[in-house]
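Chains as they are written, first to last, in this note's numbering: chain W, 629 to 1642; chain R, 122 to 323; chain U, 866 to 974.
No lab work stands behind these hints, which were simulated from the structure alone. This structure is a prediction, so every number in the text was calculated from the model and none was measured. Keep in mind that the hints are not guaranteed to be accurate.
Label-pair ranges, simulated between beta-carbon atoms [to be verified]:
| id | chain 1 | residue 1 | chain 2 | residue 2 | range |
| --- | --- | --- | --- | --- | --- |
| 1 | W | Arg1175 | U | Arg915 | 43 to 53 Å |
| 2 | U | Thr936 | W | His1073 | 19 to 29 Å |
| 3 | W | His1073 | U | Gly914 | 23 to 33 Å |
| 4 | W | Leu1240 | U | Arg915 | 28 to 38 Å |
| 5 | W | Tyr703 | U | Leu917 | 53 to 63 Å |
| 6 | W | Gly1217 | U | Gly914 | 29 to 39 Å |
| 7 | W | Thr1151 | U | Asp935 | 46 to 56 Å |
| 8 | U | Asp935 | W | Arg1190 | 25 to 35 Å |
| 9 | W | Leu1240 | U | Thr936 | 22 to 32 Å |
| 10 | W | Pro1425 | R | Ala128 | 21 to 31 Å |
| 11 | W | Ser1629 | U | Asp935 | 50 to 60 Å |
| 12 | U | Glu904 | W | Ser1061 | 43 to 53 Å |
Built from N, CA and C at the ideal position, the CB exists for glycine as well.
The lines below spell out each chain.
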Amino acid sequence: MTARRLATGGRIDRDRALSFRWDGKLCRGYHGDSLSAALLAHGETVIARSFKYHRPRGVMSSGVDEAGGLVTLGYGARRDANVNASTQELFDGLVARGQNAWPNVRADVGAINNLLSRFLAAGFYYKTFMGPRLLAKPFGTAMWMNYEKLIRRAAGMGRAARRPDADGYDQAHGYCDVLVVGGGPAGLQAALVAATAGRDVWLVEQDRELGGDWLSQPAAQEAERMQLVAAVKAAGVRIMTRTTAFGLYDGGVAGLVQRLTDHLACPAPHQPRQCFWTLRAGYTILATGALARPIAFGNNDRPMVMTIAAARTYLHRYGVLLGENIIIATNNDSAYTPAGELAQAGAKVTLLDARATVDAALMARVAAHEVSLHTRVAPLNARGRRVVTGVDLAVAETHGWRAHGMQPCDLLLVSGGWSPVVHLLSQRGVKPSWDAARACFIAPHELPNHLPITMAGAATALWQTDDCRSSGQVAGEVAIARGGSARSAMPAKSAAPATHGAGAPKNGGWARPILPLYEVRVTNPANERFHKSFVDPQHDVTTADIRLAQREGFTSVEHLKRYTTLGMGPDGGKVGNVIGLALMAEAVGSTIEQVGTTTFRPPYTPIALGALGGRHVGTQFKPLRRTPMHAWNLAHGATMTMAGLWHRPWYFARAGEDLAAAYCREATTVRARVGLCDVTSLGKIAIQGPDAATLIDRVYSNSFARLAVGKARYGIMLRDDGLVMDDGTAWRLGAHEYFMTTTTVHAASVMAWLEELLQTRWPDLKVHVTSVSEQWGGVALAGPLARAVLAECVANPAAVAHENLPFMGVADIELLNGLAARVARISFSGEMAYEIYVAADYATAMCDLLWHAVAARDGCLYGLEALGTLRIEKGHVTAAELDGRVSIDDAGLGRMASPRKAFIGSALRRRPELQRAERACLVGLKPKIRGQKFNAGAILCRADAISGLGEGWVTAVTHSPALGHWIGLGFIRGGATAWADVRVVAADPVRTAPIEVEIVSPHLVDPDGERMHG
Amino acid sequence: MAKSPPARLSALADYEVHHAGESGRLGGVAAGVTVQEVGALVLYQVAAWPESVATVGAQVAQHIGVAQAPGPRCVVEGNVAGERVALLRVEPLKWWVIGGDGSARLPTLSPAQGTTLDLSHARTHIRIAGPNARDLLNRLIPLDLRPPSFPTDRVATTMLHDLGITLWHSAPGFELFIPRGFARSIWENCIECGQQFGLEIG
Amino acid sequence: MLRIDCPFCGLRDHAEFRYGGDATIIYPPLEAAVEVWIEAVFWRENPCGRQLESWQHVHGCRLWLYVERDTATHTIYSVRAAAPNIAALFSPPNAPSVTESTLPSPKRP
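All chains, full assembly: derive it from the sequences and hints.
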């Protein structure tokens, strides 16, 4: 192996040796190394196998555009696949493995795919969906589908960890005046200018160090870098290294991912792995640099074929000289300086320039280092099976290329030009435009006025460090002039649109223009067959695939992308997109300008899914809402369940009981004696003000005008469209004050609705609405003995006597323990019942008091399941029935729509659709054979026509202890009377056989309500 | 015979971590943040009508002995009968009166002037302080906490883990008013997230 | 992400807000005919460009707002409280009162 670590040089710390494992083998590197640098220094040339053909792959780059060196890092729950070896910092104890290969990347059985490549060309995946017609079922498509599974298993990247992510992730919010993305010469200068002018500046750099291209330059440039970095720090810029601005969004918002522990051997236990920042910036400067572009030619994916920029980085940053006998192929000036530097470091260097003429000064520069220069020559095929050993050359002719001999080498470096990183701007909807002179996509010179963004540096196709730094100066000044304050979102009306690139040097700063060259190819079909020429190495997309896509009609760039998967690998097309577009342009006889580019989308580089989840995982996935009696319920044996975000008691099992036994016992106890239930989760709204009565009367469908102080009423609210929004109660506490309860589910939406009405439609009404759901802890006390229990627990038992607290009466009553309680005689269960509320911090004290009296009467605590049973027996509706599609008549509550007043929804309630006689209406359901059970969610069908949407549906079922069999509620076309003599089944094809049901009135138990009025 | 009411039991009272950390530290060696529950919250809402904002504001201000009621997003502190009371302008037509005790806390308003409402049990009061308080808060809430944007005695209602909370930048630190039912969930979130800065539970 | 300059709270993320709908609709009186209500409830324009829409600052001051927004660029041109009598309290919009900053603020013990 010829790559070697030089004795001196580089930004590594030779005093801090690190050890790591590669495919189980102990290796060494230095602090400051990337994993790729350490592997190359070890002579590891093959470190991966390609996606589809399992071709040997090595390091191709030295940064985020790495297309070859994807590895698997770590193990167990922390196994991370497809990690970019070129950006992964080396740390002591790092464990990495090759992926997509068996038994390993050096001897991979899957390489057979390379020989089957005729069947794996672009679109092969779609074509397998269409099996050969010759074979009859099941051998046709089905067989091909099986084959496709095998292919799918063989093709791919690394395998994700099977266990839950062991790391934690943070999400954070940031605010700044000016965001500078990219810490190279342009970005540093821009940040310095803005910060010096007093702006609050964030500088975001994906690398661990600031400097950008300076980090890849010889040590002589270090002084300038350090001076500028020191100035930036002194100016108070907030510097975020190891942080990628992966997306730009509306309103000056940038998405950043900060890697906090990915470079650490032993992170602190509470340290999150990554932090996802949502940063709001007044102004954004994109100094995102440019990426080196390769050229397509035969076997251009061989290990030790890479970009010149990468070799330069390995030399100057990591002190690794990658070859002894180097061939450099270029079409532009940028190769000359590195060519001289590599020769100076001790390699034999041959420089091939595809152009006919070269600037004299450049020629002299490389000649001084004994670089042999050949013009009009380009690489045709790379030779060597597992690593490059030589290059077949081609010479430029008037039209195209002609094969022209071979030259041995141990490293082949390529520069096909540079691609400015316009990704983030493109994400904002700005189409990059093709600059033919500099052969790259750049941002349009004038950006839309509503975007507080400008570009600087190599991202604007400036190729010289000094020019980049100057453009950073200009960008910083633009940011200052355009406001750059995060405290205003309105577009600056007077400011001129941001422009950049004005007065840019010719050819981007090169002496001679670039020769547009994307592929080197001779017209010999055999050459193409045997020497695959890669456009997108990450997804194994070849030049032949691009042409195949064109022949098969996928000529639009968006179709090309999807058909060939060009640019759909982890690098997002950083390497291959421009070449692919150029080849498509050529194939259709058009230009790159006309072909255009696909839309860039976030993220710029891959980010961990964990970072997107942040702390919204596990028990914090959603905030848990607890009632004030939460601990009290648990201490008394509750099994909890979710009701929206609320945790509510589901049932209180006694020894030996399961859910079914517990809820049946609880429901039976309530009907026979007394039960106590936590109903805190009901929405509660304070409605106060001189016009409170007017508001109440307008929003409820039934009449509230004459509701006396000290009385409560059940009410239905409709939406504008005449459908039911919610049901609840309103308690009149005073002339100008009501206490409204809503269902648990609709508490928030009813609150917002009342506010909308008051603020947008009736601003003249003097009413305040305030949520008091959290202020009060509430219980329902229900059953024939409820009054006796309550009488025992209040300071003055007479206060709860029937004449003082009749059905629907409301009173403020002092409890025996001195608590002030708000009590209403309201029933949801159909029994005599009270809702009792006290201030939340006293709720457990109330429960203790009441439970003592309930238990003394052999009563029980009951949960949501028993509550459901009691209400289904009574035919009381909840959110399961009032699902937003149901009219007040459908729910059988038409009598609650007052004909004597106008209210919200009263007009559209009468629209023809809601008046159709055949609408589905609320009914009760009983199994024909009483011992049978049916399920909520079943579809009600005629017994002889079980199909489609049927005639109705089942919303709720329960076992009714009062009736001794299963019952349910549901909706069926025309209501109960329409189905008196028709056989109906609850069809439930995926769970049970159809169960025949009787369609009856929803009031299954105590239809006259004698029990609750008693 | 009626007795004096039992003691208040806050949303965090039955939660063991709340007390376990009193003498201990979680996370780093130095305490970057302290998180504590401020118990026995007394919080009343005073609401005016658009045309009575000025007069109600003046009445409340006079009641707590300050020259003027706070404007939007602002807080002033005064006292009633020797007890410190903070007045927070939390909504366009609403103030919160925090602290104090007894019936002298509020002025009497006629329905034509406005309304008052007891919300003392509707919120749980958590204080976050220390050199990294802003860092912790900005991992929880999307609010610009830079000193020029959110100086002392400013109040904001914003979003924490998808729910509305009120934040007052007081002299000791940041006072969070969390809807009571969510208090424990948010508390756990603060404790978990705060450990990276070194956390002390007050 | 949209950011909305709430007249009471200042500039906030749209996640704190809840979208209402077309704010140019004038809802008829409750007594109005079915046909009038159908027009108000079911018919909507879908403009590409400037649109007046309602939002509620549901995780903030709970104001209902009228927001003038460009549906193509997401540029927000103006924000005001929906209720005219509340909007009148905030002109110029979004200016925190100076009274408290000039006041000596007694600190809590």
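Status of each hint after checking the structure:
no., hint, in the structure
1, W/Arg1175 - U/Arg915: 43 to 53 Å, "holds, 47 Å"
2, U/Thr936 - W/His1073: 19 to 29 Å, "holds, 27 Å"
3, W/His1073 - U/Gly914: 23 to 33 Å, "holds, 25 Å"
4, W/Leu1240 - U/Arg915: 28 to 38 Å, "holds, 33 Å"
5, W/Tyr703 - U/Leu917: 53 to 63 Å, "holds, 57 Å"
6, W/Gly1217 - U/Gly914: 29 to 39 Å, "holds, 38 Å"
7, W/Thr1151 - U/Asp935: 46 to 56 Å, "holds, 52 Å"
8, U/Asp935 - W/Arg1190: 25 to 35 Å, "holds, 31 Å"
9, W/Leu1240 - U/Thr936: 22 to 32 Å, "holds, 27 Å"
10, W/Pro1425 - R/Ala128: 21 to 31 Å, "holds, 25 Å"
11, W/Ser1629 - U/Asp935: 50 to 60 Å, "holds, 55 Å"
12, U/Glu904 - W/Ser1061: 43 to 53 Å, "holds, 46 Å"
Violated hints are absent here; each numbered hint is respected by the structure.
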